[in-house]
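J.: Start from chain D and add chain Z according to the hints.
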Amino acid sequence: MTAPRLSVDDLTVRLAGRHIITHLDWTVRSGEFVALIGPNGVGKTTLLRSILGLIPRAGGNITVDGEHASRVRGVLGYVPQKHHFAWDFPLTVEDAVMSGRTRSMGWLRRPRVADWRRVNQAIERADLGRLRRRPIGELSGGQRQRVLLARVLANEPKVLLLDEPFTGVDVPTQDMLVELYRQLAADGLGIVMSTHDVLGALDGCSRICGLRGRIALDVDPADVGPEYLNAWLRGREDSVPRQAAETTKARPE
Amino acid sequence: MIAPWEFVQDLFNPNLGFLLRALAAVVISSVVCGVVGCHVVMRGMVFIGDAVAHSVFPGLAVAFVVGGNMMLGGIIAGVLTAVLVAIFSQNRKLSEDSVIGIFFAGAFALGIVIISRAPGYSGSVEDFLFGSIVGVSERDVLWGAVAGAALIVVLALFDKEIVAVGVDRETARAMGLPVLALDILLSVVVTVSVVVSLQTIGNVLVLALIVIPAAASRLMCTRFHTMMVVSPVFAAVCATTGLYISWSIDLPVGGTIVLTMVAAFLVCWTLTALRGLASSRAASPAPSTLGAGGDSHAS
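As given, the protein sequences belong to chains D and Z, one line each in that order.
Going by our numbering, 122 is the number at position 87 of the first sequence; the sequence numbering is gapless.
Going by our numbering, 145 is the number at position 122 of the second sequence; the sequence numbering is gapless.
Bound-form chain D, shown alone:
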């Protein structure tokens, strides 16, 4: 077993006096593509944001490859929900991807050859080569998701945190994105994706974790069925068998 890429130890987060996350322990390893599921409002985004240090933690430690995450910020790549990005900004795809390197370039510096090389690699990786000079406002939902991904990849992160990457994305594009995430995981990244889509998580991810204040569910997709996960989301998992019948597990091709 490889050493953990991302370790979350004893994380507690309070928002407006309410405990959202209590004593959460969690690890994500290199090569894993983890789906983070949970009912609406349970704090999936809060967990991702607190790992990134965007929300103050009431307690706990985040480490990436054994180093405190606050000291090695660039290694955590964050893909926020699409609506956080100002798509009406007059930028081309390559401008947008380069903007991901703002911090790593350093103050008062222009992009150099090394920056362009990383941006070009990220653009190729996200299969945006033909769109690189297109204004971002003209892109479709799936293309926008790939721009956000390329923007993060341009920093060569070790862990990817994806917040609801499939919102407003059609099924073929979703399949294409899942394939891309799997390839990135195979290249050694640890990937966490918050999602509502139980079937998509079963189909694409290598591990499914469920959040209820802490990681209350941690399963291999091969060991559970969609009924069980849906019941788990409603808090009624005791009434449903863990493993799905063969007929319901198979997805139409």
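Everything labelled a hint here was simulated from the structure, so no lab data went into it.
Backbone N, C-alpha and C define an ideal beta-carbon position, used for all residues, glycine too.
Keep in mind that the hints are not guaranteed to be accurate.
Stated by the list, open to error - Per label pair, the in silico range of CB-to-CB distance:
{"#": "1", "chain 1": "D", "residue 1": "122", "chain 2": "Z", "residue 2": "110", "range": "24 to 34 Å"}
{"#": "2", "chain 1": "D", "residue 1": "54", "chain 2": "Z", "residue 2": "201", "range": "22 to 32 Å"}
{"#": "3", "chain 1": "D", "residue 1": "49", "chain 2": "Z", "residue 2": "124", "range": "26 to 36 Å"}
{"#": "4", "chain 1": "Z", "residue 1": "33", "chain 2": "D", "residue 2": "89", "range": "52 to 62 Å"}
Said to hold, decoys possible - Residues of chain Z clear of chain D, computed beta-carbon distances all greater than 12 Å:
{"#": "5", "residue": "32"}
{"#": "6", "residue": "39"}
{"#": "7", "residue": "41"}
{"#": "8", "residue": "85"}
{"#": "9", "residue": "88"}
{"#": "10", "residue": "136"}
{"#": "11", "residue": "150"}
{"#": "12", "residue": "152"}
{"#": "13", "residue": "174"}
{"#": "14", "residue": "234"}
{"#": "15", "residue": "256"}
{"#": "16", "residue": "264"}
{"#": "17", "residue": "271"}
{"#": "18", "residue": "305"}
T.: Chain Z alone, transformed into the frame defined by chain D:
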């Protein structure tokens, strides 16, 4: 109405020295506001621009009453208001525009109260509100040029950080950029550009210099850095045309410049709308030009 070449002759007539100074002042302020406005418009922070424009008023009033430097007074008051808005907006129960509304009205009210205590204030209030182009001195022009150049240098130095925050605050924060400090920096830049333009166009209309050229250039450009060149050029051309019209048929300078900008904006809007229509006709029978060529290669 005088002919354009007569206007040029008047510009270089030694007896009408104020006219050349006026032209320099309007061109400086429109170029500066044209550049700064690109950030204001693309961030959707037009309302905070308006707030800052109004909130310099108490600073001017205090400077007027104590006989201090008006520019400095205005900058201090504007920056103070911008910082207060940035800090109070951190409270999630109040939206930023409510906070802006409170502080900008409050600041303006404070200015009115302060200036009412000063003897002989009424004429000066009018100058603050609507500008007084005839009274522009050589020193004003020089200060405006220095401050304007400084602003453009600051924007160039922090361009990529300010753009990164404007595009996606959440990721900018996750990257470790000091988002609050960059917001305050941009507010300071807006404040200084407002103060530079006060004498020419006045407090009430300065927002037009910030918004209209940037909005018009957004219609014409697909890249932010092109926009930052087109916007000040648009602004300078409109300001010069406005000054010419105002001089030749004796209209108020500020109002005429703004109306010229509005007219030019409408022309740009119509032209880009027609161009959009023509290109969508040319692209038919494809149902949509957006995304149509997009995902196809990916599948």
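J.: Indicate, hint by hint, whether the structure satisfies it.
T.: Here is what the structure says about each hint:
1. D:122 / Z:110: 24 to 34 Å: holds, 29 Å
2. D:54 / Z:201: 22 to 32 Å: At 29 Å between Cβs, range holds.
3. D:49 / Z:124: 26 to 36 Å: About 31 Å separates the Cβ atoms of residue 49 of chain D and residue 124 of chain Z, which means 26 to 36 Å holds.
4. Z:33 / D:89: 52 to 62 Å: holds, 59 Å
5. 32: holds, 41 Å
6. 39: holds, 41 Å
7. 41: holds, 39 Å
8. 85: holds, 35 Å
9. 88: Given that every Cβ of chain D is farther than 12 Å from that of residue 88 of chain Z, nearest at about 40 Å, it holds.
10. 136: holds, 38 Å
11. 150: It holds; residue 150 of chain Z is separated from chain D by about 37 Å at its closest Cβ, greater than 12 Å.
12. 152: holds, 33 Å
13. 174: holds, 17 Å
14. 234: holds, 15 Å
15. 256: Since the minimum Cβ distance to chain D is about 16 Å, residue 256 of chain Z lies beyond 12 Å and the statement holds.
16. 264: holds, 26 Å
17. 271: holds, 36 Å
18. 305: holds, 16 Å
Every hint from the earlier list agrees with this structure, and none is contradicted.
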